[in-house]
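For the sequence shown, the residue numbers in the numbering used here are 1 to 209.
Because the hints were derived from the structure by calculation, they are not lab data.
No experiment lies behind these values; they were computed from the predicted model shown.
Even for Gly, the Cβ is constructed at its ideal location relative to N, Cα and C.
Check each hint, because a few of them may be wrong.
[Unchecked claim] If you anchor each label on the Cβ, the simulated ranges turn out as follows:
no.	residue 1	residue 2	range
1	Gly129	Arg88	18 to 24 Å
2	Leu54	Arg88	15 to 21 Å
3	Gln185	Ala96	29 to 35 Å
4	Arg202	Arg48	17 to 23 Å
5	Pro170	Ser203	22 to 28 Å
6	Thr87	Val8	39 to 45 Å
7	Thr87	Arg131	17 to 23 Å
8	Tyr92	Gly129	20 to 26 Å
9	Gln185	Thr87	30 to 36 Å
10	Cys195	Ser137	23 to 29 Å
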Amino acid sequence: MARHLQSVHGTPDLGNQADPLSEGVYILLTYQTDLERARSVYTSLRARYTTWQLVAAAPDLEDILRPSGFQKSRALLVRNLLESVRTRFGTYSLNALRDIDEADAERELRRLPGLDTKGARCIRLYSFGHRVFPVDSNTFRIFRRYGVLKRDAIYRRRALHNELQQLVAPAYRHGLHVNLVAHGQTVCRPTAPSCGTCTLSRSCQRNLL
Numbered sequence: 001m002a003r004h005l006q007s008v009h010g011t012p013d014l015g016n017q018a019d020p021l022s023e024g025v026y027i028l029l030t031y032q033t034d035l036e037r038a039r040s041v042y043t044s045l046r047a048r049y050t051t052w053q054l055v056a057a058a059p060d061l062e063d064i065l066r067p068s069g070f071q072k073s074r075a076l077l078v079r080n081l082l083e084s085v086r087t088r089f090g091t092y093s094l095n096a097l098r099d100i101d102e103a104d105a106e107r108e109l110r111r112l113p114g115l116d117t118k119g120a121r122c123i124r125l126y127s128f129g130h131r132v133f134p135v136d137s138n139t140f141r142i143f144r145r146y147g148v149l150k151r152d153a154i155y156r157r158r159a160l161h162n163e164l165q166q167l168v169a170p171a172y173r174h175g176l177h178v179n180l181v182a183h184g185q186t187v188c189r190p191t192a193p194s195c196g197t198c199t200l201s202r203s204c205q206r207n208l209l
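Using the sequences plus the hints, can you model the full thing?
Laid out in structure tokens, this is it:
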């Protein structure tokens, strides 16, 4: 699957950020919306406010986030994350976690408001360069339809994230994660998936779900 999706999607840029706090905010913007909207909103936010200190105090944060939907709750999540980082680390930065033990870094990230296992591992993957495998809703959906996961699998169960990560060799984790997200956004969508054009359809178990 990893090699096949690589040949189809080519590991595209999904808008993820090298700076860990920037990635954390970006992840919050991707919740319950598509990547195109999340990227557009993130770009608008950073164009208007160039530092996270300014974002934390922005009076029009909800208005900027409106195109991504759920702007009230999303603005609260962003503010809570920023203030929690400032309180814990004394600055609007997560760079202090770059050089500590990888498992400790994940525990610290998961303690921050709004960051679950997937969010913490996205920061680890994109910002820290750790060879982890974030399981987002696209990955979960494709793996259920493909038969890797059982029909009654529970997304928020942390053990599931660990089990799937162990299934993927470290060398393939980054590329497979990116290409599964791309596949889930463009082909294997939550509703009206393009099964007729999906090159994985021969092995897909969707008709059994």
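Status of the hints after comparison with the structure:
The hinted range of 18 to 24 Å is satisfied by Gly129 and Arg88, whose Cβ atoms lie roughly 22 Å apart. Distance hint check: the CB atoms of Leu54 and Arg88 are about 20 Å apart, consistent with the given range 15 to 21 Å. Gln185 and Ala96 have their C-beta atoms about 33 Å apart, which keeps the hinted 29 to 35 Å range intact. Between Arg202 and Arg48 the C-beta distance comes to about 47 Å, which lies outside the given range of 17 to 23 Å.
The hint said 22 to 28 Å for the Cβ distance between Pro170 and Ser203, and at roughly 24 Å that hint holds. A C-beta distance of roughly 44 Å is found between Thr87 and Val8, which places it inside the suggested range of 39 to 45 Å. Taking 17 to 23 Å as the suggested C-beta distance range, the pair Thr87 and Arg131 does not conform, at roughly 30 Å. Restraint check, Tyr92 to Gly129: a C-beta distance of roughly 21 Å satisfies the suggested window 20 to 26 Å.
Hint check: Gln185 to Thr87, Cβ distance near 35 Å, so the stated range 30 to 36 Å holds. Checked against the given bound of 23 to 29 Å, the beta carbons of Cys195 and Ser137, roughly 18 Å apart, lie outside it.
Hint compliance for this structure: hints 4, 7, 10 are not met, and every other hint is.
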